[in-house]
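Trainee: Each chain, written out:
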Amino acid sequence: MPHTDQRAYATTPAWYWRLPSITLGLMLIGIIALVWMTRHFDDEKQRETLINDVLWMEQDLRFRLDRNEEYLAEAGQSLLSENEVSAKTDARIDQLLKPDTGLVQIQWLDSEGNTLGGRPYASEDVSVGETRGALPSTEDARLAQAVGRPVYGAAYPVLGDKWRFNVHVPVFTGSRYVGTVVGVYSMQHLVVRELPWWFSERYRVSVHDADGHEIAAKSKVEAQPGHQQYAIAFDPPGYGLTLKVTAYKAPTRWVPVLLISALVFLGGVIVWSLWQLRQHTIGRQQAEMALREQISYRQAMEGSLLTGLRARDMEGRITFVNPAFCRMTGFAEDELIGVAPPMPYWDPDNIERTRAIHDEILASGAPREGVEIRFRHKDGHMIDALIFEAPLIDATGTHAGWMGSFLDITSQKRAEAMTRQQEERLQATSRLITMGEMASTLAHELNQPLAAISSYSSGCINQLEKPLSDTAELRDIIGKITRQARRAGDIIRRVHDFVRRSEPKRESIDLNSIITEAVALVEADARKRVVNIDTQFAPMPLPVNADPVMLEQVAINLIRNGMDAMRDTTDRPRTIRVETFGEDRQVYLRVTDAGRGIDPEAAKRIFEPFFTTKDEGMGMGLNICRSIAELHNGRLTFEDNPHGGTIFTFSLPHA
Amino acid sequence: MMSTHAKPLTHIVDDDEAIRDALAWLFKTRDVPCETWRSAEDFLDAWTADRRGCIVMDIRMDGMSGLDCSNELRRRGNLMPIIFITGHGDVPMAVGALKRGAFDFIEKPFDDNALVDIVQSALAEDERLAEQRATQEDVAHRMEQLTTREREVMGLILAGKFNKVIADELNISMRTVEVHRARVFDKMGVRSAVELAQQLTLAGLYESITPEADSDA
Numbered sequence: 001m002p003h004t005d006q007r008a009y010a011t012t013p014a015w016y017w018r019l020p021s022i023t024l025g026l027m028l029i030g031i032i033a034l035v036w037m038t039r040h041f042d043d044e045k046q047r048e049t050l051i052n053d054v055l056w057m058e059q060d061l062r063f064r065l066d067r068n069e070e071y072l073a074e075a076g077q078s079l080l081s082e083n084e085v086s087a088k089t090d091a092r093i094d095q096l097l098k099p100d101t102g103l104v105q106i107q108w109l110d111s112e113g114n115t116l117g118g119r120p121y122a123s124e125d126v127s128v129g130e131t132r133g134a135l136p137s138t139e140d141a142r143l144a145q146a147v148g149r150p151v152y153g154a155a156y157p158v159l160g161d162k163w164r165f166n167v168h169v170p171v172f173t174g175s176r177y178v179g180t181v182v183g184v185y186s187m188q189h190l191v192v193r194e195l196p197w198w199f200s201e202r203y204r205v206s207v208h209d210a211d212g213h214e215i216a217a218k219s220k221v222e223a224q225p226g227h228q229q230y231a232i233a234f235d236p237p238g239y240g241l242t243l244k245v246t247a248y249k250a251p252t253r254w255v256p257v258l259l260i261s262a263l264v265f266l267g268g269v270i271v272w273s274l275w276q277l278r279q280h281t282i283g284r285q286q287a288e289m290a291l292r293e294q295i296s297y298r299q300a301m302e303g304s305l306l307t308g309l310r311a312r313d314m315e316g317r318i319t320f321v322n323p324a325f326c327r328m329t330g331f332a333e334d335e336l337i338g339v340a341p342p343m344p345y346w347d348p349d350n351i352e353r354t355r356a357i358h359d360e361i362l363a364s365g366a367p368r369e370g371v372e373i374r375f376r377h378k379d380g381h382m383i384d385a386l387i388f389e390a391p392l393i394d395a396t397g398t399h400a401g402w403m404g405s406f407l408d409i410t411s412q413k414r415a416e417a418m419t420r421q422q423e424e425r426l427q428a429t430s431r432l433i434t435m436g437e438m439a440s441t442l443a444h445e446l447n448q449p450l451a452a453i454s455s456y457s458s459g460c461i462n463q464l465e466k467p468l469s470d471t472a473e474l475r476d477i478i479g480k481i482t483r484q485a486r487r488a489g490d491i492i493r494r495v496h497d498f499v500r501r502s503e504p505k506r507e508s509i510d511l512n513s514i515i516t517e518a519v520a521l522v523e524a525d526a527r528k529r530v531v532n533i534d535t536q537f538a539p540m541p542l543p544v545n546a547d548p549v550m551l552e553q554v555a556i557n558l559i560r561n562g563m564d565a566m567r568d569t570t571d572r573p574r575t576i577r578v579e580t581f582g583e584d585r586q587v588y589l590r591v592t593d594a595g596r597g598i599d600p601e602a603a604k605r606i607f608e609p610f611f612t613t614k615d616e617g618m619g620m621g622l623n624i625c626r627s628i629a630e631l632h633n634g635r636l637t638f639e640d641n642p643h644g645g646t647i648f649t650f651s652l653p654h655a
Numbered sequence: 656m657m658s659t660h661a662k663p664l665t666h667i668v669d670d671d672e673a674i675r676d677a678l679a680w681l682f683k684t685r686d687v688p689c690e691t692w693r694s695a696e697d698f699l700d701a702w703t704a705d706r707r708g709c710i711v712m713d714i715r716m717d718g719m720s721g722l723d724c725s726n727e728l729r730r731r732g733n734l735m736p737i738i739f740i741t742g743h744g745d746v747p748m749a750v751g752a753l754k755r756g757a758f759d760f761i762e763k764p765f766d767d768n769a770l771v772d773i774v775q776s777a778l779a780e781d782e783r784l785a786e787q788r789a790t791q792e793d794v795a796h797r798m799e800q801l802t803t804r805e806r807e808v809m810g811l812i813l814a815g816k817f818n819k820v821i822a823d824e825l826n827i828s829m830r831t832v833e834v835h836r837a838r839v840f841d842k843m844g845v846r847s848a849v850e851l852a853q854q855l856t857l858a859g860l861y862e863s864i865t866p867e868a869d870s871d872a
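Chain order of the listed sequences is A and B. Position 131 of the first sequence, counted from 1, bears residue number 131 in this note's numbering, the numbering being contiguous throughout. Heads up: take any position in the second sequence, counting from 1, add 655, and you land on this note's numbering.
Just so you know, the hints here were simulated from the structure itself, not pulled from any lab data. Check each hint, because a few of them may be wrong.
Said to hold, decoys possible - Derived DSSO-like pairs (lysine-lysine); straight-line CA-CA distance at most 27 Å: (1) Lys378/A x Lys528/A; (2) Lys466/A x Lys413/A; (3) Lys98/A x Lys88/A; (4) Lys98/A x Lys218/A; (5) Lys683/B x Lys466/A; (6) Lys244/A x Lys218/A; (7) Lys45/A x Lys218/A; (8) Lys819/B x Lys480/A; (9) Lys466/A x Lys816/B; (10) Lys816/B x Lys480/A; (11) Lys162/A x Lys98/A.
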């Protein structure tokens with residue numbers, strides 16, 4: 001993957017995080033504005049309601065005052081025109097003094113300002129000091145008479161920290177002023193006590209004098225500053241009184257509070273989750289980065305590998321190949337991915353064997369030491385590969401297939417084969433040299449006594465031809481001849497001793513196991529020569545008393561000879577059949593080739609030492625084989641194969 | 656004339672005692688006198704220039720080989736013919752030796768009497784060469800006694816010229832030529848020009864005396 005891409009992945013552009021932040025900020029501002037506006041609207045609304053209510057209250061008060069004025073004026077007509085308070089008037093006064101009117105006392109004055117009566121006659125409340133407007137106030141009465149309308153006096157305190165004010169209602173009969181009816185209002189009664197329940201629940205109502213002192217209040221509890229309040233001049237009593245209405249703290253409106261809290265909470269959640277998301281994304285990016293690094297690291301590793309790598313799924317289809325594998329087989333990656341067996345790189349001459357190996361690996365994995373297999377490169381040349389397989393476990397822990405690594409051991413194998421050949425040649429050569437040296441030494445060693453004998457004998461003959469022969473001298477010489485003959489004999493015996501030293505070590509052993517071993521030893525050679533070895537062993541053990549190494553040598557020799565004989569065989573299967581069987585207290589090894597056979601001339605001499613039909617042969621093989629057979633009290637025979645070729649039969653006594 | 660310094664002998668040089676003994680017996684039965692040596696070194700130690708006879712020597716021996724020994728002998732001026740006995744492996748070496756002047760080589764196993772025959776011919780050759788050398792020495796010795804004039808005269812005589820011609824050539828009188836001629840014959844121990852020529856030829860000196868003979872013949 002190119003580097004620039006990786007960078008782009010590594011850092012997110014600034015707007016990626018700025019946009020949600022800005023949006024979120026704007027949203028919060030919006031929410032705050034909305035909340036503020038809602039509250040403001042609520043306040044306005046409340047204030048409006050408050051004002052409305054206050055105006056209503058004022059109106060209500062005025063209405064009551066006006067009505068009371070009318071009743072007082074009506075009552076005044078009766079009170080001032082009658083000498084005695086009639087029952088009807090009395091009832092009317094009682095009506096007027098009902099609590100809901102706010103009046104606590106009614107007095108009536110004549111036109112002179114003298115008190116004619118009052119009900120109740122004396123108030124329990126006594127006015128405090130000389131207060132303007134206190135009862136009776138001739139000034140107010142006169143003013144009332146003058147203006148011809150009810151006149152309200154100033155509020156004045158009475159005992160008990162209460163305030164009162166009076167209304168002077170002038171009474172005219174026709175146009176003649178007859179007196180004044182004074183209604184005494186209790187501020188408390190008027191303003192506070194008779195408020196409708198819903199009003200008193202909502203508001204605190206208080207009356208303040210001109211100095212701002214509270215002179216009457218609905219409740220002792222002070223209104224908290226900041227509460228909605230509204231003040232109007234308390235007129236008609238006038239004289240600077242103020243009626244102040246303060247809204248109680250409005251009952252908390254839970255819905256918007258909850259809504260706002262929810263919004264704030266949700267906003268917080270969004271911020272938190274955004275932050276979490278960011279952390280998560282950063283974590284992911286880091287992980288992704290690390291992964292990317294790992295991948296490129298692995299890709300580099302994989303690319304630099306000389307080992308071919310190939311992954312297969314459980315059905316054997318190729319899911320992955322690395323460049324080295326492509327190089328090894330000559331096929332491109334896309335020619336291999338998804339391909340199911342038989343693979344294009346399999347050796348077409350050996351498909352079945354390859355498939356068997358393949359199936360076995362799929363079933364149970366390759367052995368730890370690897371499997372050797374032969375592949376064909378796309379261009380046709382053969383590759384010897386060593387395969388190691390490991391189960392492929394996917395991210396979920398399931399066994400998803402197999403990962404195989406391939407080592408190209410072609411050159412190694414070639415070198416091995418060459419080394420083996422060279423070794424064989426060297427061994428043959430060294431055997432030749434050894435034998436040559438031995439023969440030369442032997443020849444020289446034997447020459448000496450033989451030459452001496454010859455010379456002694458010639459001398460004897462010369463001497464015997466002379467007329468006078470000295471018998472004693474001749475006897476002496478013949479004695480010497482004998483000694484030299486013994487010397488020659490000694491040399492021969494030493495050679496024999498030497499040979500005898502390597503005589504077989506007999507042990508009881510199964511012929512089958514020896515032959516198995518021998519076949520294993522020549523198998524590689526057979527593969528190289530494209531010869532198939534078909535073995536058919538006796539089902540039961542074939543015990544023989546023999547030297548296993550020697551028997552192995554015989555088997556190898558016979559098989560090799562068979563392969564040599566088939567060098568030019570092309571018209572029939574190049575198969576060597578190796579059989580073992582037991583019969584009549586004898587065990588047999590039979591090696592059948594499909595070669596060119598042995599012509600009758602060669603057949604006569606085939607066991608002769610130094611007789612060979614091969615250019616590089618020494619002519620010792622069959623001779624040695626026969627010697628080994630004889631050493632083991634067995635036989636080595638051969639006959640023509642009726643299907644072409646030769647059958648060698650090696651028999652040994654059953655142990 | 657035969658050398659009287661030493662009796663001709665066949666020297667058998669072989670490290671194998673049986674071979675030495677057998678060959679000694681063989682030669683004895685053919686009346687060939689012989690002496691045996693157990694090694695080349697022993698033989699070289701005892702060798703003197705005046706020894707006569709021939710050498711029968713094995714090529715492959717412990718210690719010094721027959722070929723090395725023959726090289727050493729040639730370096731020392733040995734005159735005895737050398738017959739090599741060889742095993743089959745030594746044939747090319749033996750042929751090389753033969754080319755460098757060995758008398759013969761004989762391969763084992765050999766026909767024993769044939770070996771004796773070869774030895775005898777070698778002995779004869781040695782004797783012939785010894786005689787030739789003796790004659791040569793004798794003639795050379797006699798020639799040293801000739802004066803310069805006598806040598807000149809001898810040359811002209813061998814060239815087959817008459818006294819008259821010689822006298823003319825040397826600007827001397829016939830009489831003087833006759834005196835010189837008599838002196839030459841006397842000093843060389845011959846009685847005729849033919850005998851003189853024979854003697855010089857035997858000694859191998861004829862041609863050195865008459866360098867111009869070829870052109871005149």
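Trainee: Against this structure, judge whether each hint is valid.
Mentor: Cross-check of the supplied hints:
no.: 1; hint: Lys378/A x Lys528/A; result: 21 Å, holds
no.: 2; hint: Lys466/A x Lys413/A; result: 77 Å, violated
no.: 3; hint: Lys98/A x Lys88/A; result: 16 Å, holds
no.: 4; hint: Lys98/A x Lys218/A; result: 19 Å, holds
no.: 5; hint: Lys683/B x Lys466/A; result: 12 Å, holds
no.: 6; hint: Lys244/A x Lys218/A; result: 11 Å, holds
no.: 7; hint: Lys45/A x Lys218/A; result: 24 Å, holds
no.: 8; hint: Lys819/B x Lys480/A; result: 75 Å, violated
no.: 9; hint: Lys466/A x Lys816/B; result: 58 Å, violated
no.: 10; hint: Lys816/B x Lys480/A; result: 68 Å, violated
no.: 11; hint: Lys162/A x Lys98/A; result: 19 Å, holds
Against the hints set out earlier in the document, violations occur for numbers 2, 8, 9, 10.
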